[in-house]
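The task is simple: from the sequences and hints, build the whole structure.
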Amino acid sequence: MSSQPPIGEIQSAIRSAPGVPVIRNVNWGGLKTLYVKEVRRFFKVHLQTVWAPAITTLLFLIVFTIATGAKSPVHVGGIVVPFADFIAPGLIIAQGMMGPAFANASFSLLVGKIQGTIVDYLQPPLSSAELLAALVGGAMTRAFIVGFICWCAMALYPGVHVTPVHPLAILWFGFLGAAFLSFLGVLTSIWAEKFDHAAAVTNFVIAPLSLLSGTFYSVDRLAPTFRAFSHANPFFYIISGFRYGFLGTSDSPIAVGSIAILAVDIVLGVSCYLLLRKGWKLKN
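Quick note on numbering: the UniProt record's numbering labels position 58 of the sequence shown as 58, and the sequence is numbered without any gaps.
Hints listed in this document are in silico derivations from the structure and should not be mistaken for laboratory results. Just so you know, not all the hints are guaranteed correct.
[Unchecked claim] Ranges between beta-carbon positions, derived for each pair:
id : residue 1 : residue 2 : range
1  : 52        : 124       : 24 to 32 Å
2  : 122       : 228       : 40 to 48 Å
3  : 165       : 29        : 24 to 32 Å
Here a beta-carbon is modelled for each residue, glycine too, at the ideal position from N, C-alpha and C.
Structure follows, in structure tokens:
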């Protein structure tokens, strides 16, 4: 009888040469693990990350429909729409989805840099694309969960009609909007060195763009100068396209807005990938 071990045991004992990658394609296991970690992280504090933004969005709806007495109809694309039906979709996408997406994406890497645990993201055998996909995927998951809760609550709210007319438009522009803020959040977490930097982006970039995007008013009623500013705001196209999914009409060309936001998302995604690959402000 031969005293040599089986061939399977010999092959299992052979290790790859130094510098030769063991995972040659996508590390699906690592990608799934990091994604699940990101989702579990915000679910552990769901009162703050899920229910708080949902309640805040509903408070906006209550204030603008009841407390201020704003019940006059709004003209959108030549069609008269009740005010509550007009602002509800904008609140869902702007306050309920895009805000949480940015908050989630801008937290992970930043807290890792501050606490000195950034190595937990950089050391595992994950490529830059896989790391980015997990971070953005977790942020978008949070966005869609909060948005769905807001939609369910508004569907039960008296006097508000949020029945989908074009569901594909709702999903598409919801995806574009959540991805836009997720990529922007990752860029912020790469650049920021403390929480004040991330808060500055939220207060001086995200909030103004969100409030001046036509969420609470129709841009057709603005002066030409302010109307031109609104049309240069990417939030405007996201909200207009998302609103089109519920109303069947919009105050901007849907195809133009879709192409423009998709192009912006691609640019932001490539920028995030290149910065993660370079390790800018992460490996110093």
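Do the hints match the structure? See the list:
1. 52 with 124: 24 to 32 Å: holds (31 Å)
2. 122 with 228: 40 to 48 Å: With a Cβ separation near 43 Å, residue 122 and residue 228 satisfy 40 to 48 Å, so the hint holds.
3. 165 with 29: 24 to 32 Å: Between residue 165 and residue 29, where Cβ atoms are some 41 Å apart, the hint is violated.
Of the numbered hints stated above, the single one contradicted by the structure is hint 3.
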